[in-house]
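Using the hints, position chain B against chain A.
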Amino acid sequence: MAETPHRRRAHAGARDLERYAGLFAARTGVMRSSAMRDLMAITARPEVISLAGGLPDTSTFPAAAFAAQMTRIAQESAAEALQYGPTEGFAETVDCILQVMGAEGMLPDPDDVIVTTGGQQAIDLVCKTLVDPGDVVVCEAPTYPGAVPVFCSYQAETIQIDCDGEGMRVEQLEEVLTSLDREGRRPKFVYSVPSFQNPSGVTLSLPRRQRLVELARRRELLLVEDNPYGLLRFGGEPLPTLYQLDGGDFVIYVGTFSKILSPGIRLGWAVAPPPVMEKIVLGKQAADLCTSTLTQHFVREYFAEGRWRQYVDSLAEIYKGRRDTMVAALREHFPAQATWTEPEGGLFIWATLPEYIDTGDLLAKALREDVAFVPGQAAYVDESRGRNSMRLNFSGVSEEEIREGVRRIGKAIAEQVELYGALTGEQPAVPEPAPGEQGSESDADVLPFRKSGEEAG
Amino acid sequence: MKVAVLKGGRSLERGVSLRSGARVEDALERLGHEVLPIDAGGDLVKRLAAERPDAAFVAMHGLGGEDGTVQELLELLGIPFTGPGIAACARCMDKVWAKHELRSAGVPTPDWFAFNETAFRELGAADALGELEERLGFPLVVKPSRGGSALGVKFAAGWFEVPEALVSAFSYDDRVLLERFVEGRELAAGVLGSEPLPVVEAVPAGGDRYDFEARYEIGRTDFVCPAELSEEETASVTRVALEAYEALGCSGFSRVDLILAADGPQVLEVNAIPGLTDTSLLPQAAEAAGMSFEELVGRILDLALKPAAA
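Line order of the protein sequences matches chains A and B. By the working numbering, the letter at position 214 of the first sequence is numbered 215, and the numbering carries on one by one without gaps. By the working numbering, the letter at position 188 of the second sequence is numbered 287, and the numbering carries on one by one without gaps.
In isolation and in its complexed conformation, chain B is listed as follows:
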């Protein structure tokens, strides 16, 4: 089968995406497919139209590839593609939208408030920040609404750190959220089709909890998979992860990032197209379930071709 692997693009996660893509290409080749690697650029549609692949494996992260844009084009061209559909991608990419969906579906997620840049520039939103102390407390987490990895994510221990954190977050998006900081264990729960994968726990080897560098570098973060959780904890984390996956309309595969707090799991975000690099969490989870990377890639591809069989 001729499979196009879409990777790269213009997002800030281009580097990670290129690594994901290269690894997927390896696996597809070993599975006997004809691989068509495409660094998504201005000629994407032209190349897809000319090459007419039987399917597209979307190995893109961040804006453009993970937000429904590329998915829309593939839909239009009639090429089956891996991972969640247009709407699910759009929902997951926008953390504010995703959190609203989660909350309406009754899925636990930390309290938050979101602001547009115009709210501060034109509506004097800074005057409303005082209200947040009571509602969210400190420390709080400031994040760009649409942004991958931990780029632009900052902690604010007190008011004095909020303006600087907002300036950072607004560098990535014109909407940011201020989220209640939830103390707990950092977990990632992958879902394949409609089946949960073993839960991974990320234990920072030192330094900040949300450290972009640590996420992609061997030795900077220790990953425990399956996470050492009690049976009840595993059950509740898995249940909440599946609920989040469904609430956002995901299909194919995705990764749900959670914090396991004293009073149960809270969903931070859902990654529509999680990393598939050497150090990424979802492949580790699959491996812990006894699934090689090729098998994982094969399953993801199958789900794209016959979603009903999932």
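Chain A on its own, in the form it takes in the complex:
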């Protein structure tokens, strides 16, 4: 691999990082990831089939259309596209956002919308606006792995609420809120990815959505609804968003163009009640003044062509095929004791293995076979949890790679199951039913996250 010599630091003082340790803010002490980051560094090798990414497939975006849109920007609005823009984002970008939200039945006031540098910045700004060190933040268990470092860096005390096949267990949330009440505390917000959640793929059911929104109203509690995948539905009936159910009084909504257009353009948004939005705008100003004007122009051009929804639907169609392939491969290659979710949309499947398998160690073994996934612990604040689960991505890889990748992981698991059997005398996995047989298919609707007997949060 070619190296770029100019990349290296030249200043002498950088050599001993520990000399700077005394200068670091306390929050850097709780920023995480190292071992996992090192393992993940290996997943980037070209020969590795990576089911670890969170990537949408951008390969089907028509290059000719992209060229035409960018050319039009260069010809017609080069000066503006290369200039700073308003902190809240261009009104034209907000129009596009209203179209996207409208497609899911939401009609926010355009003044409540801010364009952000990806949905990730929206999460960061919400924390920046609301969270002091030691404040309580509530999220799902497992939760979006990218949210964990944000909560940590604002030194939030993060409480995770278990999920099952219907999403976050709202009754458990109520218990937690009640016990916090007794300590005179309340969470700054409850963070949820209600549709096709990252990492689990599960969707919060309608009754739970209603109950959650009602709970928020009753307790005057803020919900942060992160909805990157809502339009990528390829099965089941669309559900109203929390924002739609609530009308926007107690919901801060986070959206993104990453999964419906491109993550490379770094365009997301937040919708919040006016007093909260005012602070978010100030925070955004301090962070980066404005979101890329160039990519905002691109989105404007792209939406003007009126085919955005068609493109999203074409992605959903592709992902549906890949999900089917992955589910079929899991049935064929994973042991009988494994369970997994069968999402009706989005990018991810969450698989849970027998408790004696640590998916971090399994990843090391799988990497020897050139295949990667995300170990479950990345989705928990308490790293001792999620140890026997894994996140598998099906959107960013071909069906052929999915089949081969799952086969290799399955082989590594089978070896561990067999070894454990030899060590304990426990019966190894019962043979899988032949393809086409019913057997484990009946598990599909149940999707337990944890086996009975495991601690319940």
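There's no promise every hint is true.
To be verified - A few chain B residues that face chain A, going by a derived Cβ cut-off under 8 Å, partial list only:
no.	residue
1	R151
2	E216
3	S267
4	F269
Because the hints were derived from the structure by calculation, they are not lab data. Cβ atoms here follow ideal geometry from the backbone N, Cα and C, with glycine treated the same way.
Just chain B now, kept in the frame of chain A:
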């Protein structure tokens, strides 16, 4: 002088190695050398043959770079390289082999038993595990024989935890060892040439003793260097470290990890090519001896070029 810095590779410690390598490259450049950074991959031999460096600085950790493989290639190409030779690397990388060598040389190391995966799969070794309780006691430490850092290392407090720990350890290697747990202070003794460096003590800031994350993250482990040891303790730790270094045939530099127990030091392992990152122990030890990182890198390079002068 043209110095190739070998780093990265395919081992699980690739990330650490890239950090070690980058830091070594900085230092070599400041020392006025022409640096040729190489992320060891399929074109390694071709690049070395084409570029003909005067020496190779091996900043690789784990399988491939620290086990004699890369060293064998460098030997074949006639390129002088830093750190221990082929045989020493092979011995250090394989903890079971290393412990046998240490024991024959009379160097104290905790009692252990080692098993291949086939022993469990085909020979019913699980039935022999009962014997271990008497021989090793609990808790015991389960480790992959060849593995760097603390990846795959687990404690077993009792029998019920042994199968799970074995499954973890076998994820990294097809041979594992079950080692007696020795209570004591965790020390690292670097050796440069044939000279001991000041001893470093690792004090976990919280959590498990063998925590991979803590080893590489600032603030997760407190390092005390030189370790607060009595004169006799320092002498015995240093002596045992040098004995271990010699017993395994190390040269250039290496790091000996020990536990200082109530009845003296016990060697856990010898790292043939210890980490050279910002948070690594050997550079800290060198610094405590008044040696900057550049000086350390310069000395290691000198030792590769004229080993006799060590």
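Under 8 Å, Cβ to Cβ, is where R151/B needs to be relative to chain A, so tell me if that hint holds or is violated.
violated, 17 Å
Restraint outcome when E216/B is required to lie within 8 Å of chain A by C-beta distance
holds, 7 Å
Would the hint on F269/B stand, with a C-beta cut-off of 8 Å toward chain A?
holds, 6 Å
Does S267/B meet its interface restraint, that is, does its C-beta lie within less than 8 Å of any C-beta in chain A?
Since chain A brings a Cβ to about 4 Å from S267/B, closer than 8 Å, the hint holds.
Checked against the numbered hints given earlier, the structure breaks only hint 1 and satisfies all the rest.
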